[in-house]
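*Asks:* Spelled out, the chains give:
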Amino acid sequence: MIRKKGLYQPNISELIDMLSIFFIKEIKDQKNKKKINLKLKNIRRDLRFLLKKKKIFLNSKMIRKISLVGIINLLVWDLKDEMLVNKKRYNNYLKKALELNTIRNVVFNCMMKNFKEFEENRSRLIKFGKINRNWHKFIISKVKYL
Amino acid sequence: MTKKSGNREINFSLPDLVDRLTIDQIKQIQFEKTAKNYEKSINQIMKSIDRIIIKKKIKISDQLISVLLNLSQINLYIWFLRKDLRTQKKPNSKKIKLSHQLNALRNQLKNRLSNLCFQKKSNSIEKKTNTNKEDLKGWKLNSLND
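Read top to bottom, the protein sequences are chains C and S.
Position 64 (the first sequence) corresponds to 64 in the working numbering; numbering is contiguous.
Position 102 (the second sequence) corresponds to 1102 in the working numbering; numbering is contiguous.
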C-alpha cells in the first residue's frame, strides 16, 4: 500500500484488525496462499511505516488488547461457519457473534486512543442492544478501560 | 528464571505469561457464567507481565503484533480441537495429532516472542524445546518466517 497524503487509508488499529483477519485466511484459505502472503507483507509494511513515527512501548494492556482482537475475530469466523452448519442454533450463534463484535469494537476504539490516532468518524459502534446480557456487560466494563 | 519477587524464586517467563493471558481470555469469553472469576487471574498476569517489560521499554513493532495475534489464535485453534475431542465418544486421532502439532507451533511463537522482547539476552534454558511440527501441512505462519 502506497501511503499518500490526503487519501483515506487504514490507521494502525485498522491494520491490526486487518492483520488478524488475514492471519485467519492464511490458515483457512490455502488456495490463495500467494495473494494472502502478499497482503500480509503489505499490511506489515504499512504498520512498520506508521509505528516508526510513534514511540509506543509494550505493556500488558496492549498485549491484552491485541490478543482480544485476534481471539474475537477468529471466534466470530468460527461462529459464522457454525451458523451455516447448525441451523437450529443460527440465532444463538449470530447473537454471540454480534456481541463479540461490539467487544472487539470497544477494544479497537481504545487502541486508537493509545496510538494517538482517534477519529470520531473511524470509531466503531459499541452498543449491541437496549438491554444486554450480564456476561456482555461485564466484559465491556473491563475492556473499556484497558 | 526471572528475577525474584518477594520471597519467591520461581516466576513465569514472559512468553508463558502472555500464553496464559490469552488462554484465560478465551475462557472468559467462552465460559460466560464464570467470566468474573477469570478477571482476577488476568489482572495478576498483567501485573506480572508489566513487572518484566515496563522498564525494558520495548517498542511495539509489526513483528510483535504479528506474534501476539498468532499466539492468541493458535491457542484458540487448539481450544476448538480439544472442545471437539471432549464431545466425541471415540477420540479422533487426526485431531489429537493436530492439537499436538499446533502445540509445537505455539512453542515456536513463544520462543519468537522471547527473542523479539529480549533479543540476545533471551535465556536459552527458558526456551521451549517441543517445537517439532512433524508433518504438519498448511500452517506456515507469516510471523515465523521473518
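Among the hints, erroneous ones may be present.
[As the list claims (entries may be wrong)] Listed next, the in silico PhoX-like pairs over lysine-lysine satisfying Cα-Cα at most 25 Å (straight line):
id : chain 1 : residue 1 : chain 2 : residue 2
1  : C       : K41       : S       : K1140
2  : C       : K113      : C       : K28
3  : S       : K1027     : C       : K127
4  : C       : K41       : C       : K95
5  : C       : K137      : S       : K1027
6  : C       : K28       : S       : K1133
7  : C       : K55       : S       : K1095
8  : C       : K33       : S       : K1095
9  : C       : K95       : S       : K1083
10 : S       : K1036     : S       : K1083
11 : C       : K52       : S       : K1057
12 : S       : K1027     : S       : K1128
13 : S       : K1083     : C       : K25
No lab work stands behind these hints, which were simulated from the structure alone.
*Asks:* Hints first: check each against the structure and report whether it holds.
*Replies:* Status of each hint after checking the structure:
At roughly 14 Å between alpha-carbon atoms, C:K41 and S:K1140 fall within 25 Å of each other, so this suggested pair holds. Taking the CA atoms of C:K113 and C:K28, the gap is near 32 Å; set against the 25 Å cutoff, the hint is violated. Using a Cα cut-off of 25 Å, the hinted pair S:K1027 and C:K127 holds, with the two alpha carbons roughly 23 Å apart. Straight-line distance between C-alpha atoms of C:K41 and C:K95 comes to about 34 Å, which puts the hinted pair past the 25 Å bound.
Proposed proximity of C:K137 and S:K1027 is supported: the alpha carbons are some 16 Å apart, at most 25 Å. At roughly 18 Å between alpha-carbon atoms, C:K28 and S:K1133 fall within 25 Å of each other, so this suggested pair holds. Between C:K55 and S:K1095, the direct Cα distance comes to roughly 43 Å. Violation of the 25 Å bound is thereby established for this hinted pair. For a cut-off of 25 Å, the pair hint linking C:K33 to S:K1095 stands: about 23 Å separates their Cα positions.
As the CA atoms of C:K95 and S:K1083 are separated by approximately 21 Å, the hinted pair is consistent with the 25 Å bound. At most 25 Å may separate the alpha-carbon atoms for a hinted pair to count; S:K1036 and S:K1083 meet this at roughly 22 Å. Annotation: proposed proximity of C:K52 to S:K1057 holds, straight-line Cα distance about 15 Å (limit 25 Å). Straight-line distance between C-alpha atoms of S:K1027 and S:K1128 comes to about 24 Å, which keeps the hinted pair within the 25 Å bound.
Proximity of S:K1083 to C:K25 is assessed by CA-CA distance (about 22 Å); at most 25 Å being required, the pair is judged to hold.
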